[in-house]
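> Here is how the chains run, residue by residue.
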Amino acid sequence: MIKLKKYIVGILIAGLIISVLLSLGLGAYVIYPETIFNNIVSALGGSVAVDDVAYKVFWYIRMPRVVLAILVGATLAVAGVGFQGLFRNPLADASLIGVGSGATLAAIFAIVLGGTLLLSFQTVLGQYLLNISAFIGAILSILVVYRLSRSQGKTHVAIMLLAGIAINAIVGAASGLITLAAKDEQLRTITFWSLGSLGGANWKNILALLPFVVVTTVVMPFMGKPLNALALGEQDAVSMGIPIERVKNIIMIVCAIGVGACVAMTGMIGFVGLVIPHIFRLLLGPEHKKLIIVSALGGAILLLLSDLVSRTIIAPVEIPIGIITSLIGGPFFIYLLLKEKNKNIF
Amino acid sequence: MIRIEGLTYTGKGGRVILKDIHCAFAAGKLTAVLGANGAGKSTLFKCINGEVRFRQGIISWDDRDMKTLPVSELSKKKAVLRQHYQVSLPFTAREIVEMGRYAYFRTYPTERCKEVIALITELVGITHLMDRSYLTLSGGEQQRVQLARVMAQVWDSPTEERLLLLDEPVSALDIQYQHQLMQMMQQLTREYGFTVIAIVHDLNLTLQYADDILMLDKGSVVDQGRAVSVLTEQNIQRVFGISVLIEKNSLDQLYIQVTPLKLETISL
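Going down the list, the sequences are from chains E and D.
Taking numbering that gives the first Met the number 0, I'd label the letters of the first sequence as residues 0 to 345.
Taking numbering that gives the first Met the number 0, I'd label the letters of the second sequence as residues 0 to 267.
These are calculated hints, taken from the structure and not from any lab test.
The beta carbon of each residue, even a glycine, is placed where N, CA and C say it ideally should be.
Some hints could be false.
As the list claims (entries may be wrong) - Ranges of calculated distance between the beta carbons of each label pair, as one might list FRET restraints:
1) V217(E) - T9(D): 39 to 47 Å
2) A25(D) - K5(E): 46 to 54 Å
3) E72(D) - A168(E): 44 to 52 Å
4) K5(E) - T135(D): 46 to 54 Å
5) A168(E) - I57(D): 25 to 33 Å
6) N203(D) - R146(E): 48 to 56 Å
7) L250(D) - R245(E): 32 to 40 Å
8) K113(D) - A168(E): 17 to 25 Å
Claimed, not checked - Listed next, the stretches of chain E that the computed footprint assigns to chain D, with coverage defined by at least 3 CB atoms under 8 Å from CB atoms of chain D:
9) 32-39
10) 66-78
11) 224-234
Throw the hints in and build the complete structure from the sequences for me.
Structure (structure tokens):
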């Protein structure tokens with residue numbers, strides 16, 4: 000156990016590399032490791048003979064998908080650590096405080112009414128209407144929850160969690176109502192989208208996602224100390240010299256931005272933000288800086304492997320990735336709960 | 000020296016919780032704040048700690064208004080120990096103590112931080128607990144870990160500029176730990192020059208360990224000064240509504256004995 004703790008970052012990086020190679024190679028069209036290497040060399044200007052089909056599949060289908068999986072997985076996991084630390088509640092998750100459902104509502108709205116009510120937007124924004132709506136939905140819902148929980152210049156975490164639950168209920172009802180107006184084909188899109196998919200990966204999308212994801216994953220490791228201090232209590236963190244109000248705002252905004260952007264791109268992929276931080280907290284303890292870095296790696300690996308399974312297990316049919324993450328995450332989580340039940344973790 | 004002048008604090012709904020408080024806490028002394036429930040002890044404590052904003056009055060530390068002192072400076076000079084901490088994550092004792100040094104390092108504890116922590120954990124007697132999970136420690140052990148944390152926080156400041164605020168630090172502890180912790184406080188003030196302000200409920204514990212006492216009743220100062228001169232039968236009767244006898248025991252120490260309440264005064 001001691002050894003595992005010491006080498007965990009190394010182990011995870013190795014795991015990530017293996018997952019990347021597997022994801023790049025496996026699929027309807029198998030690309031072998033030496034071809035992967037040749038493709039990279041060729042793209043860098045090296046004179047190696049590469050098969051044209053392999054090259055295209057590699058650079059335009061597999062690679063964007065792998066990069067997207069890494070970015071989204073890392074961001075969801077890091078945001079999970081952030082929300083759990085911020086709310087001092089191990090059950091806090093983007094979906095719990097309304098970020099996920101806000102995005103989903105906006106997306107359903109765009110899917111069903113995109114062709115009618117939002118027609119003028121659709122002509123301008125084209126295929127990005129869905130993503131932009133979801134992003135706006137995520138940010139709006141976090142703003143509402145945040146406003147509700149602020150009073151006298153302070154954020155009340157308990158009210159915030161309850162506000163999140165209220166928003167979830169309202170948003171759920173509205174989503175259901177809009178779904179009534181949906182056509183069969185739109186219903187399929189809605190279902191697929193609310194379970195999440197990395198199928199829309201292309202370089203353009205990744206470029207659009209990158210700035211938001213970078214903000215989350217770069218800022219959050221610096222929030223390690225404040226998050227640790229928060230575990231003792233807000234006032235005690237203040238006594239330790241931590242500007243707690245500013246820190247809370249930063250964590251919330253940064254995590255909401257990251258999750259909002261991810262949900263906008265891939266739909267709601269559940270369980271990553273909840274399960275990954277838990278697993279590593281049980282393995283390594285709750286120190287947040289370490290936890291954030293390790294969770295980023297773990298989240299990327301989980302999503303890579305889940306995506307691999309989702310597109311290969313009954314190919315050519317693609318299973319929504321949210322189903323896979325929940326199928327992997329759920330039982331593992333139960334196993335951990337059973338194992339750790341008596342250790343006072345909660 | 001912490002000096003409070005004309006402090007008035009009005010709570011929600013216009014209820015006056017502290018009215019026109021004038022008092023002082025001597026540097027290098029252990030001052031106990033006494034008073035019945037609702038006397039305003041906790042509010043006074045929060046005002047000194049800067050947790051609540053008050054409109055009237057000044058709290059100054061060595062003649063500087065505490066409101067104007069930068070957080071970065073205060074966090075190295077002033078630390079708070081509470082009765083109980085709701086820690087739900089399994090931090091190790093070491094990680095908790097290291098939090099006390101957060102104002103001193105960016106990413107990893109410096110050599111100085113490690114030195115201070117080693118010294119303090121030895122002093123508090125928790126060296127053997129450092130790698131245990133905080134959640135598995137007993138109440139007394141947890142409180143000692145927290146004490147080490149707050150000591151580590153102010154340790155590097157000049158001798159006369161180290162302030163510990165203790166909010167009912169021993170109320171949840173058994174009698175052995177109560178005396179251990181109070182002896183520790185006495186040692187910190189006498190040998191290391193700490194200034195300690197503590198809310199304490201146990202009158203005998205106060206009489207035994209406190210240098211000075213500030214006695215509050217219904218938001219006003221009743222009396223302040225040397226412990227023996229404040230803890231009188233009259234003051235106790237007035238503030239707590241109980242009659243007591245203060246006598247010397249066979250060890251020549253003063254102790255307070257509560258005379259039995261008359262039955263009709265025990266009305267629930």
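> Between E72(D) and A168(E), does the beta-carbon spacing fit 44 to 52 Å?
holds, 47 Å
> K113(D) and A168(E), beta-carbon distance inside 17 to 25 Å?
Given about 50 Å between the Cβ atoms, the range is violated.
> For the pair V217(E) and T9(D), does the Cβ-Cβ distance stay inside 39 to 47 Å?
holds, 45 Å
> Using C-beta distances, would you say chain D covers the stretch 224-234 of chain E, given that this needs three or more residues below 8 Å?
holds (count 7)
> Is the hinted range of 46 to 54 Å satisfied by the C-beta distance from A25(D) to K5(E)?
Holds, since A25(D) and K5(E) (Cβ atoms, about 50 Å apart) stay within the stated range.
> So does N203(D) sit 48 to 56 Å from R146(E), Cβ to Cβ?
At 51 Å between Cβs, range holds.
> Could you see if the CB distance from K5(E) to T135(D) stays within 46 to 54 Å?
violated, 22 Å
> Using the Cβ atoms, figure out if L250(D) sits within 32 to 40 Å of R245(E).
The hint (32 to 40 Å, Cβ to Cβ) is violated, given that L250(D) and R245(E) are roughly 54 Å apart.
> Quick check: the stretch 66-78 of chain E, covered by chain D? Criterion 3+ residues, Cβ under 8 Å.
Coverage by chain D is violated for the stretch 66-78 of chain E (0 residues, Cβ < 8 Å).
> State, for the Cβ atoms of A168(E) and I57(D), whether the hinted interval 25 to 33 Å holds or is violated.
violated, 49 Å
> Can the stretch 32-39 of chain E be counted as covered by chain D under the rule of three residues or more with Cβ-Cβ separation shorter than 8 Å?
It is violated: at least three residues are needed, and the stretch 32-39 of chain E offers just 0 whose Cβ sits closer than 8 Å to chain D.
Violated hints, listed in ascending order, are 4, 5, 7, 8, 9, 10; each of the other numbered hints is respected by the structure.
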